[in-house]
Amino acid sequence: MARVITVAVVDDDRMLLDGLRAWLGGVPELRLVATAATVGELLAAADGHRPYGAGAPGYTAPDIAPADIAPPDIVLLDLVLRDGSAPTDNIRRLLRTGSRVLMISTVPDRSRIIEAIRAGADGYLTKDHDLPTLVTAIKDLATGRGAHSPELAFACAHDSSPARPRLSPRERQILLDYASGMTLKSAARRAGITVHTAKDYLDRVKAKYQQAGRPTYTKLDLARRVREDHLDGG
Amino acid sequence: MVRSLPIRRVRALRETTGVGSGTQRARSFMIVATLLYRASHLAVGVLAVAQRRPEVPLPYAGIAAALGLSALLYGTALRRGRFETRYVWADVLVTGCTLPLALCAWGDVHEPATLAWAMLLGGSGSATAAITLPRLHVLGVVALLMVTHLIGYRAVGTSPAVIAGHLNALVSSAVLAWAFTWYLLRQGRLLDGANARALAAEAHKARYAERLEHHRALHDTVLATLTTLASGAVDANAAEVRERCAREASYLRRLIQQTAEEVHHREIGTALEDAVGCVEGLQLRVTAQYHDLPQVPPEVAAALGDAVREALNNVRRHAGTGHAYLTATGDPDGGGGALVTVVDRGPGFDPGRHRPGLGLRGSVHDRMAEVGGRATVDTAPGEGVRVELRWPG
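Chains as they are written, first to last, in my numbering: chain A, 1 to 234; chain B, 1 to 393.
Note that these hints are calculated values from the structure, not bench results. Cβ coordinates follow ideal geometry from the N, Cα and C atoms, glycine included. Just so you know, not all the hints are guaranteed correct.
Incomplete in silico selection of chain A near chain B, CB under 8 Å [stated by the list, open to error]:
no., residue
1, V107
2, P150
3, F154
4, H158
5, S186
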């Protein structure tokens, strides 16, 4: 697959944006097409039929390719934005544009990790990972798989909320071992399965969370979703 | 050690108040006081009956009933820390009202002197009622006692002066007992309030000391690094500086996590943080995640801390990645145990051929076994090393 993966970043920390631009600039398979401080800013730029993300601060686009007008494949979304927006709302807004969402945050805040996954985010990384880890996660997401990280696995493995989905013993063991910091390969060897199967287990756990996230809407949430969808459609 | 000192003091303070709150102590004191009052009356009764040796059985039955009811009333009060309302009523009705009237009717009693011992019991009865029953009931009890005793004394032709003196004693017993109780309870409540404030202040001080300790640690690490970077004196991109920044970011992450998680049992967390602190100074970055740490005996926490320190040292010496993952949780299968893992993504080793180094065998296995725990090492060539510590084993 030779197609370049388009990436946007929503984060209100200028230093981090600059750092990511420098980082991703050195990866030929990825292209950073937009950066913004809020989700609204990112989407407004796209709605104005200007090149996607052109209005964002720090945006530098030497060339405007047709791909830039389409929503990016992956949006890296900071968990806590200074505009006070709810992470779950941010995720749902981005998902509706067709992008997939990878959460990034400074601190692994476990209840929020769970909330984000239930809202449909496809991965969660703390900002202390190195570039190869980030690139692997983005590529995994772009190929339709889930991105995994020990912090996400730890949050799921030790989720004690009443709405947590039921996990099979095997899923739980892989989750716990991966959460302890083992590579997926080592966790798979320990369980006597292939890496592929181990990854399937982790994908399945995440899918369970994303499914479980749906029926727990309150009536109020449902009404709001209908309204949002309507606004969206109109 | 700075951290544990104030906490120990809070515990000591709690132990001194452990004998009971101020109000509870006031109640216990009044139980003993009224018991002594009743005991003095019973002694008079026993002596009076024994000296006179009446020919009818009723006085003997009467003093026996008074002794039995008193044992029941004060015995339960001493055990439970408060009087039982129904026993108080039983005592008032039987010992206080029925006994004098019955003695007049069938007890071969013809002059005030032989009735006096039974009348005395009503005085201690009214005192006990006054500190137990609601106010209106107390008025009812005192009125009831006064009426029956008046009838009893009149029946044996007592002089009005003696009757007035006795009725006065009934009322003042109740009033005095009530006043003492009111005063003592008030003092008890003041004492309880003062104790609670002292406890809160100690807890606050302990938290403050802990925060101060964190601030000192931040001062020596993050603040020093930031200040140096801001001054431009060092190259921020130098590998050494970046490594130090990454280590200190890990420290901040763990700190925030521990605060956010509202860790109630600090033993394991503190021991592990000490262990991490030891190796962090030696170029090892530790990513730690804690969840729902159980309360364990101090020697278990110390053993976990020592074992983790040695496992981290092994990562530092053999993994070559400069990065260790530490997790500590309650036993996922429940049961109040603890599960701690130290993981690296280094080259690992062949557990079949490799004799575990002195570090893993001595300090990790044996240290865990000492406190009834267990250590398991899982590794394969190219697969990193996973050390699992479990307590109980």
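These are the hints, each one checked on the structure:
1. V107: holds, 5 Å
2. P150: holds, 7 Å
3. F154: With a minimum Cβ separation of about 5 Å from chain B (threshold 8 Å), the hint on F154 (chain A) holds.
4. H158: holds, 4 Å
5. S186: Where the cut-off is 8 Å and the nearest Cβ of chain B is about 4 Å from S186 (chain A), the hint holds.
Taken one by one, the earlier hints all hold for this structure without exception.
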